[in-house]
Structures are given as structure tokens and as C-alpha cells.
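Asks: Residue strings, one per chain:
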Amino acid sequence: MIFFIRKSLLTVLLLVAMSGCVGLMPVKGPLDVDGAYRITLGETWSAYPRDSRTKLRNLTIDGEALNSLTFAASLEDGHTLIRTYDRQRLLPVYRSDMSQTEVVEFIRDSLSVGGMADATITSLRPEPFGALEGVRFDVKGATQRGLNMSGTGKAAIEDGKLHLIIYTAPTEYYFGLHEYEVNEILASIELL
Amino acid sequence: MRGFRAIVSFAAIAALSACATTDVDPLQADTRPSEETDEAGLWLRMDEAEDLLQQSAVVVRDPALNAYVDEVFCNVAGEAYCDDVRVYIVEQPYFNANMSPNGMMQVWTGLLLRAENEAQLAFVLGHEFAHYRQRHSLEQWREINNAANLSVLFNVGVAAAGVPNAAVLGNFTLAAQLYGFGRDKEREADEFGFGYFTEAGYDPAAAAGIWEYLIAETEASDSDRKKRQIARSSIFSTHPVTAERVETLKGLAGEAEAGIENDEAFAGAVAPFLNDWLADDLVLRDFGQHLHLIDHKIEAGQNLGVLYFRRGEAYRLRREDGDFERALDNYSKAVLFDDVPPQGWMALGEALQRRGEEMEARAAYGKYLELMPDAPERGIIEAWLEE
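In order, the protein sequences belong to chains A and B.
Each residue of the first sequence is one higher than the last, beginning at 1 in full-length UniProt numbering.
Each residue of the second sequence is one higher than the last, beginning at 1 in full-length UniProt numbering.
For the record, the hints were derived by calculation from the structure and aren't laboratory data.
Backbone N, C-alpha and C fix where the C-beta goes; we use that ideal spot for every residue, glycine too.
Keep in mind that a hint or two might mislead.
[Claimed, not checked] Quick partial rundown of chain A residues pointing at chain B, CB under 7 angstroms, derived from the structure:
{"id": "1", "residue": "40"}
{"id": "2", "residue": "44"}
{"id": "3", "residue": "57"}
{"id": "4", "residue": "88"}
{"id": "5", "residue": "98"}
{"id": "6", "residue": "112"}
{"id": "7", "residue": "121"}
{"id": "8", "residue": "123"}
{"id": "9", "residue": "124"}
{"id": "10", "residue": "125"}
{"id": "11", "residue": "126"}
{"id": "12", "residue": "130"}
{"id": "13", "residue": "146"}
[What the hints assert, rightly or not] Which chain B residues stay away from chain A? Per the calculated CB distances, all over 10 angstroms, these:
{"id": "14", "residue": "91"}
{"id": "15", "residue": "135"}
{"id": "16", "residue": "292"}
{"id": "17", "residue": "370"}
If we strip away everything but chain A, and leave its shape as in the complex, we get (with noise of 0.2 angstroms):
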């Protein structure tokens, strides 16, 4: 009976450790991004908590190195999207009067910052985020390790504060593995 209790206690502990590490939560349709606009997820993604410095949520299917969704919304003037403890530290930050082509700079030089090496924007294009008018980039870069990486996203700003999506993946097959379901979920945006 002893033996039995100290088994299930430790089996007790061991699963809220796991989640305790982890907390990774399966999502699938409709999700809210902070009550600011909604995307429909068509197949079954794996979501990170939210960072609660950044704001960035972060969405996985085959495992954050292998394609990562990330998004935010009503980021507001000086904000980072680099997670830092070193208030000190220089970082690009976002200003509510950016025009489009300055945002996705920024998004890039967040990219930069963040590990991404050679990160380079090879399309803008106005498109609509909601009703909003937003624009959607593609970007090339590689991990520092050389493997090549492709993303893809779009941003708005509302009332001054900035929405955003970002997609990214190696470049050999899990980019193009996902690329209809993001396709979709960045058309699926609604504003709330």
C-alpha cells in the first residue's frame, strides 16, 4: 500500500513538472489574439503560453525549429519583439507612425536580432489584415548554422498599435509543407 501511494505521488509529481516545463496546449479554429482580431486555424497546431514581455504568442505543428506561427496584437509605441531581462540593451523597437515598408524593417531587424542570419524581405505587398489595410511579406534568411529559412506574414496598424503574424520554416520542405494552412489562416483574419 505504501509501495502504491509513493508510485502514484511521484507519477503526480512527475506530470505537473511536465507541465510545468512544457505547456504546450493543442488550438484548432477560431482563436482570439487579445481581443483584437481572430484567425481560424484549419488543422491542429500546438500553442505556446503567451510571452508575457514580448506579447508573442507562438503556435507550432512539427516543433518550433521545424515551422513557427508567431503573432501579436496592439503592440504600442517602443515596443521589442526581442525577449530581454537588460532594460539597458539597444533594440529595434516599433513607433506607432511607421509607414508599411518600416514595420516590415522592423520585423526584420527583429529577425536579425533575434538569431537569423542574412534575414532579407524579397516582397511587400499591400493586403488587406481584416478590414484594415495591411501589408504581406516574404522573407529569406538562415539559421546561424546554415540552414536556409523562409517565412511569410502580415501586418496592420490600428489606432496607432501594431498586429502582426509571421510565419517561418526551413526552407527545404517544411516551409511548403504548411504554406496552404498559413495562406488560409493570414485570409481568415477578422478584427474584433
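We have chain A; now place chain B onto it with these hints.
Replies: Relative to chain A, chain B alone:
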């Protein structure tokens, strides 16, 4: 109890005498250490790191630039050592170069961006080569091991002597000692590096010149932390105080024969990369340091189309009072020069559009699309032109 303490103290002293020697001879050309040595172990680890670096996306693979930097290295190191060191140009916006014991040298693009001429680059390459030839990594490795052993034994010794609280002091002095080794080796590398690069016929004043520039640039930084690093002179500073290095190198230069700067060859080698490297530097968002760098380069009077454009970009992103006008002014100057990057026209178009000068903006955008038919912003520009 006293007998036990005496035994521990004796054991500590005996163990110290077994420490590996840190006094090693300079490395001969075309030499690899014997497999059974600790030095071979160091080389093996760095061979693995070099394999990773070779696959990395941050290595600049431009053949002409690599050939140029290799040539400067061979000028400094001499024919015998020319093939012993592999120089990798690494795309990182910071001023840095480093040398591994196995002959893998990294030169960061932030260094190439800041050097004013070939002589300054040659001095840095000579300094790094000195680390290799003097086998500083091996010495450092052995010193760290010996110092770590010393720390353990010191702690055991003071505890055995009945003063356990003094163990804290042991760790403090160990840390200072480790960083102190770094300072001595940097001084030695300066001294040998100076010899190599002046023997190769370079201008001896270039050695102090590059450090003087770095001090001035750092003082212009927006980061108080960076400024403090220059002023700091504690026992924990990992390099000799930069002002001290400048004085030492100036003293050496005063006794050396005149040499060449070779500024034209250097400018020709780096000019194709200037715009990209300045863009990388601006990502760091240290506007004070970045603008100091550009102003310094504008004074030299070359690559003005690139430099005015990049200065405009810094002002545009900084967004202080008057910066919009400064940005527009710099873009307007940039497009007067043949070397302005096509993006200079794009930036001018955006600034003019923002100021409501639509005709002029259309002309600037038109020029940009003419120069860059595959411009990534084509969709955005055409949508605005059609409005």
C-alpha cells in the same frame, strides 16, 4: 588536529609542484602537436568548431574579399606560416577578431567596416597571428587548470588552517588572476603583432590609430555601459586598458621606420560591402556610435553616395527632433553621387511622399524601380502610384 592540518597543507604544496608548465616555445611553421599532448586535445576541439563554422551562414564567402584578406595576412605572417592559418570573414557588426590554437582565425565584418586602411587591418591580423605563434591558448589553458587547482588547494589550505571564511578570498584572487593572464597576453600580442606588421612594411602609426578611433567611437555610444567599459580600469578588465595600449603602441611607432597605409587597395576591397555592413551595424540601434562611424568615414571623402544614404537611414530610424529633415537632406545629397545604392532613391521617395511632395516622390520611386526592376517594394510603390 594540528597534525592533520599540516598534512593537508603539505599535500597542497606537493600537488602545486605537479602543475603543467605554462612556458612554451613559439609554434614552428607547418607544425601540428603530438596526439598524446593536451595541446592536441585543444586543436581537436577547435577543428570541430571550425567544421561548424565552415557550414555557417555567417561566413562571408566572397572570393575577392577573402583573397584580399588572405593576402594581407600572408604579408604579415610571412610565407612560412601563410598556409597554417585559415582566415574566415564572419558577418557580425562588432569590432572583433579572434584566433584559435589550431589556426582558425575569425575577422568580423565590424572590424573591416571600422579599419581605415590596410595597415590597420594588417596590425590586427599580426596581433592575432602573435596569439597563434606564441601558443597563447595553450598557455591560457594550462594557467586556468593550474589556477583552478590552486584555488581548490587554497580553499583546503585556509580551511585546514582554521580560517574557513577566507575561502571567499581564494575565489576572488583566482578570478582576477585568470583575467590578468588575458591582459598579459594581449600586451604580448600587441608587441609581436607590431613587429610582424612593421616588418611587412606597414605604417607603424596605424596600430595606435585603430585603437584611438575605437575609443572615440565608443565614447559616442548611446549605451552608458559601453562608455563605462572604456573608462574602466579594474583588475577584472580582460584586456589592457585601451589608453595604455595606445600609449605603448605610439611609443613603439616612434622608434619604427615609416611604412605604407595602402588605403586605396583597402577601400577598393571593402567598398562593395559598405552599404550592407552599415545596415548590419544599424540593426544594433546604437545611433550615437553608428553616426560617429559614418561621420568619420564621410570626412575621408570616399563612398559618399553610400554614406549619405546610410546617415539618412540612421536619422530616419532615430526619430529625434529634426531627424526627419536631416534624413531627407542626406538622401537628397546621396542621390547626387554615382555610388548611391538604389535603396537611396526608395528612401528619398518615401521621405518626399511623407512630406507631401508627390511629384518629386513619384520621380524618386520611378528611378528606384528603373534601377531595381525586381525591387521587393514594387507592389507597395505601384499601389501608391496608382492612387
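Asks: Are the hints correct? Go through all of them and say.
Replies: Comparing the hints with the structure gives:
1. Below 7 angstroms, beta-carbon pairs count as interface contacts, and residue 40 (chain A) has none with chain B, the closest being about 25 angstroms; its hint is therefore violated.
2. The criterion of a C-beta within 7 angstroms of any C-beta in chain B is not met by residue 44 (chain A), whose closest approach is roughly 32 angstroms, and the hint is violated.
3. At a threshold of 7 angstroms, the smallest CB-CB gap from residue 57 (chain A) to chain B is about 24 angstroms, leaving the interface hint violated.
4. For residue 88 (chain A), the interface hint holds, the least distance from its beta-carbon to any beta-carbon of chain B being 6 angstroms, beneath 7 angstroms.
5. The restraint placing residue 98 (chain A) at the interface with chain B is violated, with a minimum CB-CB distance near 10 angstroms, outside the 7 angstroms limit.
6. Checking residue 112 (chain A) against chain B by beta carbon gives a least distance of about 5 angstroms; that is within 7 angstroms, so the hint holds.
7. Taking 7 angstroms as the C-beta cut-off, the interface hint given for residue 121 (chain A) holds, the closest approach to chain B being about 5 angstroms.
8. For the restraint placing residue 123 (chain A) at the interface with chain B, the shortest Cβ-Cβ distance is roughly 5 angstroms, inside the 7 angstroms limit, so the hint holds.
9. Because the closest C-beta pair between residue 124 (chain A) and chain B is about 6 angstroms apart, less than 7 angstroms, the hint holds.
10. For residue 125 (chain A), the interface hint holds, since its Cβ comes within 7 angstroms of a Cβ in chain B; the closest pair sits about 3 angstroms apart.
11. At its closest, the beta carbon of residue 126 (chain A) sits 5 angstroms from a beta carbon of chain B; the interface hint therefore holds under the 7 angstroms criterion.
12. Taking 7 angstroms as the C-beta contact cut-off toward chain B, the hint placing residue 130 (chain A) at the interface is violated, the least distance being around 18 angstroms.
13. For residue 146 (chain A), the suggested interface contact is upheld, since its CB lies about 5 angstroms from the closest CB of chain B, less than 7 angstroms.
14. Against chain A, the non-interface label of residue 91 (chain B) is violated: not every CB pair exceeds 10 angstroms, the least being about 7 angstroms.
15. With 10 angstroms as the threshold on Cβ separation, the claim that residue 135 (chain B) sits away from chain A holds: the shortest Cβ distance comes to roughly 29 angstroms.
16. With a minimum CB-CB distance of about 14 angstroms to chain A, residue 292 (chain B) clears the 10 angstroms threshold, and the non-interface call stands.
17. At the 10 angstroms boundary, the C-beta of residue 370 (chain B) stays outside the reach of chain A, the nearest C-beta of that chain being 18 angstroms off.
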